[in-house]
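S.K.: Go ahead and model the full structure; you've got the sequences and the hints to work with.
First residue of the sequence shown? That's 1 in this note's numbering, and the numbers climb one at a time after it.
Simulated from the structure, these hints should not be mistaken for laboratory data. Note that beta-carbon positions come from the ideal geometry of N, C-alpha and C, so glycine has one too. Check the hints yourself; a few may be wrong.
[Stated by the list, open to error] Calculated lysine-lysine pairs in the DSSO-like style (CA-CA distance at most 27 Å, straight line):
no. : residue 1 : residue 2
1   : Lys-158   : Lys-202
2   : Lys-103   : Lys-202
3   : Lys-75    : Lys-89
4   : Lys-70    : Lys-89
5   : Lys-89    : Lys-202
6   : Lys-103   : Lys-198
7   : Lys-4     : Lys-198
8   : Lys-4     : Lys-70
9   : Lys-4     : Lys-103
10  : Lys-103   : Lys-89
11  : Lys-158   : Lys-103
12  : Lys-89    : Lys-198
13  : Lys-75    : Lys-103
14  : Lys-75    : Lys-4
[As the list claims (entries may be wrong)] Cβ-Cβ distance ranges computed for the label pairs, FRET-style:
no. : residue 1 : residue 2 : range
15  : Glu-10    : Gly-132   : 43 to 51 Å
16  : Glu-86    : Thr-191   : 30 to 38 Å
17  : Lys-198   : Lys-4     : 30 to 38 Å
18  : Thr-153   : Asp-85    : 40 to 48 Å
19  : Trp-181   : Ala-12    : 36 to 44 Å
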Amino acid sequence: MIAKILIVDEDASANSFLGMVLQRENFLAILVDSREALIRDVYTTDPDLLILNAPLGGMGSVEMCMELRKNQIHKPLMILSDRADEIDKVLALEAGADDYIVKPLAIRELVARARALLRRRKGNLEATIRFGNVEVDRERRTVMCRGQEVRVTPTEYKLLLFFLANVDLALTRQTLLTSIWGYSERTNTRTLDEHICKLRTKFELDPSTPRHFVTIHGIGYRFLM
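M.R.: Structure below.
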């Protein structure tokens, strides 16, 4: 099945060129030129990957990442930017981007990175996912640990699936609070930490030294397989 890539760029010629390159690599390129078209077409075309050329409509990469996550859009996201500062890359990745490429583009590298993101997404969409001694059956909505079914609440299950869809990524507290609970920015709550503690208790061999649900001090959490 041909992967669909939604490319967002206000520059029509640059958008057309990148679309042509990806079509040549056997991807289906969907071209849009505005934030409004991006939000609309994500739902109507269901792309496998988003490529966003920042800035867009006056919004930088971090603002666009936050806008997408606020709209419950969790597609793999690649940012193209002419800002090469490390802090810009870190902030974009922490805000929800899965990759960040500094322009001018090396086309072969971009295609390789796109394929890597798509491979990771395909793995994350498998019906049964295993990590450590845990097996998650998404079709039956069951979770097994060491051969025994573990009862999880709907919120714990939603949080677990979100981690499984974002393996190895640094997820900020705000990203998790917004994605799982719909909390607005600057919400002061221990809800997330309490749920992480419950997941560790249920699925870590040693909850005091977690291998899967890892704390990133000052940022949030990272899930490791």
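S.K.: With reference to the structure, classify each hint as holding or not holding.
M.R.: These are the hints, each one checked on the structure:
no., hint, result
1, Lys-158 x Lys-202, "holds (15 Å)"
2, Lys-103 x Lys-202, "violated (44 Å)"
3, Lys-75 x Lys-89, "holds (18 Å)"
4, Lys-70 x Lys-89, "holds (20 Å)"
5, Lys-89 x Lys-202, "violated (34 Å)"
6, Lys-103 x Lys-198, "violated (43 Å)"
7, Lys-4 x Lys-198, "violated (37 Å)"
8, Lys-4 x Lys-70, "holds (22 Å)"
9, Lys-4 x Lys-103, "holds (22 Å)"
10, Lys-103 x Lys-89, "holds (12 Å)"
11, Lys-158 x Lys-103, "violated (36 Å)"
12, Lys-89 x Lys-198, "violated (32 Å)"
13, Lys-75 x Lys-103, "holds (22 Å)"
14, Lys-75 x Lys-4, "holds (11 Å)"
15, Glu-10 x Gly-132: 43 to 51 Å, "holds (45 Å)"
16, Glu-86 x Thr-191: 30 to 38 Å, "holds (32 Å)"
17, Lys-198 x Lys-4: 30 to 38 Å, "holds (37 Å)"
18, Thr-153 x Asp-85: 40 to 48 Å, "holds (41 Å)"
19, Trp-181 x Ala-12: 36 to 44 Å, "holds (39 Å)"
In this structure, the hints that do not hold are numbers 2, 5, 6, 7, 11, 12, in rising order.
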